[in-house]
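Colleague: The listed protein sequences correspond, in order, to chains P and D. Residue 172 in my numbering sits at position 130 of the first sequence, and the numbers go up by one each step. Residue 254 in my numbering sits at position 73 of the second sequence, and the numbers go up by one each step.
In short, the hints are calculated from the structure, not lab data. None of these values were measured; they are calculated from a predicted model. One thing to keep in mind: the hints can contain errors.
What the hints assert, rightly or not - BS3-like cross-link-like pairs, simulated, lysine-lysine; straight-line CA separation at most 30 Å:
(1) P:Lys45 / D:Lys219
(2) P:Lys99 / D:Lys249
(3) P:Lys148 / P:Lys48
(4) P:Lys98 / D:Lys249
(5) P:Lys94 / P:Lys45
(6) D:Lys227 / D:Lys198
(7) D:Lys219 / P:Lys48
(8) P:Lys91 / D:Lys198
(9) D:Lys249 / P:Lys48
(10) P:Lys45 / D:Lys198
(11) P:Lys45 / P:Lys99
(12) P:Lys91 / D:Lys227
(13) D:Lys246 / P:Lys98
(14) D:Lys198 / P:Lys99
(15) D:Lys198 / D:Lys249
(16) D:Lys249 / P:Lys111
(17) P:Lys45 / P:Lys98
(18) P:Lys45 / P:Lys91
(19) D:Lys227 / D:Lys249
(20) P:Lys125 / D:Lys246
(21) D:Lys246 / P:Lys45
(22) P:Lys99 / D:Lys246
(23) D:Lys246 / P:Lys48
(24) P:Lys111 / D:Lys227
(25) D:Lys246 / D:Lys219
(26) D:Lys246 / D:Lys227
(27) D:Lys249 / P:Lys45
(28) D:Lys246 / P:Lys148
(29) D:Lys219 / D:Lys198
As the list claims (entries may be wrong) - Some chain D residues flagged as far from chain P (calculated, every beta-carbon gap over 12 Å):
(30) Asn214
(31) Asn233
(32) Ala255
Unchecked claim - FRET-style restraints, in silico, Cβ to Cβ:
(33) D:Arg242 / P:Glu144: 33 to 39 Å
(34) P:Gln151 / D:Gly226: 20 to 26 Å
(35) P:Ala140 / D:Asp216: 16 to 22 Å
The C-beta atom is built at its ideal place from N, Cα and C for all residues, glycine as well.
Chain by chain, the residues run as shown.
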Amino acid sequence: MAKVQKYELIVVFDSQGDESEIRREFDVVQSILENRAENFLGRAEWGYKEFKFPIKKRTSGHYVYYLFKAEPDFPVQLGHALKMNEKVLRHILVRANANSEEYLNKLDQAAPIAETIAPVEEPPTELLEEPVEELLEEPTEEQIDVEAQDLEETTDISDTEETAVVEDMSIAEETPPTIEEVPVVEEVSAAENASIIEEGSISEEPVEKSAEETSLPEESDDEKMENGGINNDNEEEKEG
Amino acid sequence: MIMKKKKKDRRESRRRKPCPFCANLELDIDYKNIDLLKRFVNDRGKIVPRRNSGVCAKHQRAIAKEIKRARFLALIPYVVYTYR
């Protein structure tokens, strides 16, 4: 006995013709698998898809996915049977992965069969007219109300922002607006945030900042030294 | 001579990114997963070489095989013509 393998088959059916005829072809292929294969695991439909390039002068087709178990002799017989079928544009038979059954279950759960086939014949003109009227009549009033509410909210926000700005300005007005004392204003605001209103703290901060400022150039000096070292190396290389 | 030395240093310092499929084993290379395969096909429809895509040799072979299967089913084009 030869070893039974799990295979997955994708068949591309011709989309020209009635849906009932196309569905009959799906069932024909399934019946072949059910009768001759060892174990038929399931079928899922990808549905109507347009080709990226024309196949036998067709631009679109129905894709159907089959999963089954069979002996190694069976794929050859199946290939002959599918080649004889005129409605089959293309087919591919691949040995299945470990994930193929999960994929089949996903497709079954995600899309019921009726929705996967694209409706071609009936353009829904009557259905389109009603919603358009509804859209024109009802939501306009709602939209106006919503817009009005949004405007009110925005005005409220703007008021709060204005008050905040005014408060800031009042803080700024308390201190004399001379150019020399501009950093003092920032220090005061920082002190308010930290809920500390001591003059000593304000006087201490700039000293720290100055210390930081002084520390930065030292690092830059180190970097310069490093860069200088690299430059010296390069010079040495050039000399060499 | 100096220029050659500099170039060598740059090459040595450049570290190759790990293969996305080796890094993430959950990624399934399959002809049905077209969105994934499209990342490894350029705008003309050609398979991107692994020196550009950063995929390891093992997974590049798998990708190439699955792209060819997807092409056969007309899910991905063989060639994309760009007219002037």
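Colleague: Just to be careful, I want the Cα atoms of Lys45 of chain P and Lys91 of chain P compared with a cutoff of 30 Å; is the pair within it?
Modeller: Given that 30 Å is the threshold and the Cα spacing comes to 35 Å, the pair is violated.
Colleague: Can the restraint linking Lys45 of chain P and Lys98 of chain P be considered satisfied, given a maximum Cα separation of 30 Å?
Modeller: Distance of about 36 Å is beyond 30 Å: violated.
Colleague: Between the alpha carbons of Lys227 of chain D and Lys249 of chain D, is the straight-line distance 30 Å or under?
Modeller: Roughly 11 Å separates the two Cα atoms, so the pair holds.
Colleague: Quick one, are Lys45 of chain P and Lys219 of chain D close enough, alpha carbons at most 30 Å?
Modeller: Answer violated: Lys45 of chain P to Lys219 of chain D is near 35 Å, above 30 Å.
Colleague: Taking only the CA atoms, is the gap from Lys91 of chain P to Lys227 of chain D under or equal to 30 Å?
Modeller: This hinted pair holds, its Cα atoms lying about 22 Å apart.
Colleague: Assess, step by step, whether the Cα of Lys94 of chain P is no farther than 30 Å from the Cα of Lys45 of chain P, and give holds or violated.
Modeller: violated (37 Å)
Colleague: Is it the case that Asn233 of chain D keeps its Cβ farther than 12 Å from each residue Cβ in chain P?
Modeller: holds (23 Å)
Colleague: Going straight from one Cα to the other, do Lys249 of chain D and Lys48 of chain P come out at no more than 30 Å?
Modeller: Status holds; Cα separation ~21 Å.
Colleague: Holds or violated: Lys227 of chain D and Lys198 of chain D, Cα atoms, limit 30 Å.
Modeller: At roughly 22 Å apart (the allowed maximum being 30 Å), Lys198 of chain D and Lys227 of chain D satisfy the hint.
Colleague: Given the hint that Lys246 of chain D pairs with Lys219 of chain D, test it: the Cα-Cα distance must not exceed 30 Å.
Modeller: Given that 30 Å is the threshold and the Cα spacing comes to 13 Å, the pair holds.
Colleague: Does Lys246 of chain D sit within 30 Å of Lys99 of chain P, going by the straight-line distance between their CA atoms?
Modeller: Holds - the C-alpha atoms of Lys246 of chain D and Lys99 of chain P are around 26 Å apart, at most 30 Å.
Colleague: Measure nothing beyond the straight line between the CA atoms of Lys111 of chain P and Lys227 of chain D; if it is 30 Å or shorter, mark the hint as holding.
Modeller: violated (34 Å)
The structure fails hints 1, 5, 8, 10, 11, 14, 17, 18, 24, 30, 32, 33 and 34 (numbered hints given earlier, in ascending order).
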